[in-house]
Every structure is written in C-alpha cells, then in structure tokens.
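Peer 1: Generate the whole structure from the sequences, applying the supplied hints.
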Amino acid sequence: MKVLHVCTSRSWGGMEMIVCRLARLQRDAGHQVAFACDARAPIRGACGENGVATIDVRCDLAGMLRLRREIAAARPDIVHVQYSRDLNIAVPSNIGKAGRIVLTKQIESVVVKRDPWHRLLYAGVSRATGISTMIRDNLIATTPLQPGQVDLVHLGIDTGRFRPDAAARAETRRELGLAEGTLAIGMMGRMSPGKGFDDFLEMAAGLGTPKAFFVLIGGHSRNEDDYGVRVEQRAADILAGRVALTGYREDRQRWLNALDIFVFPSHAESFGLALVEAMATGLPCVAYGKDGVLDIVRDGDDGLLARPRDVADLRARTDQLIADAELRARLGRAARRTAAERFSEQRMLAGTLRCYEAALA
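Residue 119 is where the sequence shown starts when you use this note's numbering, and the numbers rise one by one after that.
Since the hints were made in silico from the structure, they are not lab data. Note that the structure is a prediction, hence the values are computed from the model and not measured. C-beta atoms are modelled at their ideal positions from N, C-alpha and C, and glycine is treated no differently. It cannot be assumed that every hint is accurate.
Using 27 Å as the maximum straight-line C-alpha spacing, the simulated DSS-like pairs for lysine-lysine come out as follows [unchecked claim]:
#1 Lys120 <-> Lys215
#2 Lys231 <-> Lys408
#3 Lys231 <-> Lys215
Across the chosen pairs, the derived CB separations fall in these ranges [said to hold, decoys possible]:
#4 Asp255 <-> Ala285: 23 to 33 Å
#5 Asp255 <-> Glu475: 21 to 31 Å
#6 Gly148 <-> Ala358: 52 to 62 Å
#7 Gly166 <-> Ala476: 27 to 37 Å
#8 Ala241 <-> Gly359: 51 to 61 Å
Peer 2: Here it is as structure tokens:
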C-alpha cells in the first residue's frame, strides 16, 4: 500500500512523535510511505532519521499546489492527514485522484464545523480515526462525518523500550543521589499550563511524607518559555533540595525507571501518551479521571483516579500509594499488562491499517 502522511505542524510533542513512529512502522511492515511536512519543523528531521522520505509542504496555496503535484506523481492509495487544518490543502490536492483521504484527530474541537465550506471539505474525507472515545465522539459531534466513518484507534507505544529495567533504575537513581528506600515521585510532559505542573507542585508540597523526592521530566513548551521558567523557580522554592528537573529527554524511559510513583495531573488530555509510557514501565499511577484518561486507567485495577482539578484528592490518592507498598506493586504490575495488551504500537498499526482497508473498500 502507498501511504502519504500530511502534517504541517511545527511543534514537537506527542502528536508529532507518534505520527513519525507510525510512518516508520508502516514502512517496516512493507508499505511505501512518504511524509509531507514543513521543512522548518522538527518532524522533518525525525522522519529523515527514521528513513521515511519527506516532501516540503506548508499549509498555504503554494503548499497545496506542491502537494497536488506529489499526489499526481506518486498516486498514493491513502493520504493520511494528521492535523485537521491540513485538510485545507489535502482535499483540494486530491480532487480527481484515486487515493482516499483518512483524517486522524488528536485534539478536541470546540468549533462545530458544519458550515458549507466544511461540508465541502469533509466530503473529501473517506474515513477518520479518533485517538480516544472522547475524540471519536467529538469528531462525530462537530463535523459532517457520519458515525460509521469514524473509528477508534488508540495511540500505541514501544513496550519493549518502555518496560521495567532494574539496571536503568539503579543507574538513574544513583545519578539523582537517591538513598535506598527514598520514594521518587514524578510527572512528565511539556511545560505548558494545561499539563498540571502547578497542581503537581501544590500536591507535592502537602504530601504526608517529608522523605519523598520529586522528578519533573520535560522541557519548555514552544512559545511558553516564561511559564517553564516560572515552574522551575517554583519547584526550587517549594521543594528545595528534593526535586530534579531533567528538561526534555529522549531517554525518558530511563528516568521513568527511577520513579516509584507516577502522577498525571493533566487538566484536559485527548489521550495521555506519557501516562501509557509510565504504565508500561510498571509504575503505579495517579491521574485526574477525565477525557482520554478514562480510556486508559481503570480505577483501582491498574491505577488510581482522582477527581478532575482537585489537588486535595490527587494528594490523597498519592498518599494512598506512599503508604501501601503492596498496592504500589499490584497496580504497577497491572499497569504494565494494560499497556502491553491494549496500547502497543503494533495494535495501533493494525487499527490504522484496518481503517485504510475500510476507506479503500
């Protein structure tokens, strides 16, 4: 199958990382894969490193004309649009062509797109996927797409990379200077207000044990450096001597292995890739119970859910884990099973290919 992915985002977050990984998985499975993206974006370099051919395209008229030439020459079976804004160049580029357009939606829309222009635009979409139940339902509620056109395909991770690793744990904890028996509690994500860094710090300051150590894994978000600096300063003030800020890390699986408890205080999450990575590492997790997180964690079975935006409840659930080593171990084992069985990258690949086949049928 010939697949052309389209994503002109210039950011580098979970969406962009997972799309690059999907393209590589498809190529490794024997499909012919190319990627249309902005030459200025990190995603272009990542695709190159993965051996996926790229076409330089922006979301403008020139980009649309270039994309149309590429589609005419390459004749892909599937044009997979990863960013709904890019339908504005992908749909006109595909008029009169045999390939089918598939849209993946990763971000909730608050705008209802049923005006004449969007009806025309979405008429060019054969099928779509939502990365969580919430996003699938949002797609149906806000676009002209019919329920039968929209599939649920959860994101997936490399569960061989994200796994319990005793050697990595010992090495990273030694690097952090953690004494035997010290509980390490952490979170991971871009330093953006919606990720809940302030909630984490407020929670950490009031926990029932003074012996815990805290690890914040993640760098500044694009165009939000001021917020990142403020989080770093607040962490140093509140948790003086008991916190490490790693910045952005490619080897985040190593830092996750240093932890004993993972907290996911995101205010609104379409899915929760960082949460799944932590679960695959075998960590007991506490998360706000809303949005895409509800597809991932079953409260009391493979993690604990706190009331959304309720720092006191987040703290109480974390204190529950601190006080009960047996509960931590049980939830950690169950979390690993959940990630491996339900959120592997191979499962994501299979779901995506089924969607392609349905679009081509």
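Peer 1: Determine for every hint whether it applies to the structure shown.
Peer 2: Here is what the structure says about each hint:
no., hint, result
1, Lys120 <-> Lys215, "holds, 14 Å"
2, Lys231 <-> Lys408, "holds, 24 Å"
3, Lys231 <-> Lys215, "holds, 25 Å"
4, Asp255 <-> Ala285: 23 to 33 Å, "violated, 43 Å"
5, Asp255 <-> Glu475: 21 to 31 Å, "holds, 23 Å"
6, Gly148 <-> Ala358: 52 to 62 Å, "holds, 54 Å"
7, Gly166 <-> Ala476: 27 to 37 Å, "holds, 31 Å"
8, Ala241 <-> Gly359: 51 to 61 Å, "holds, 60 Å"
Checked against the numbered hints above, the structure violates only hint 4.
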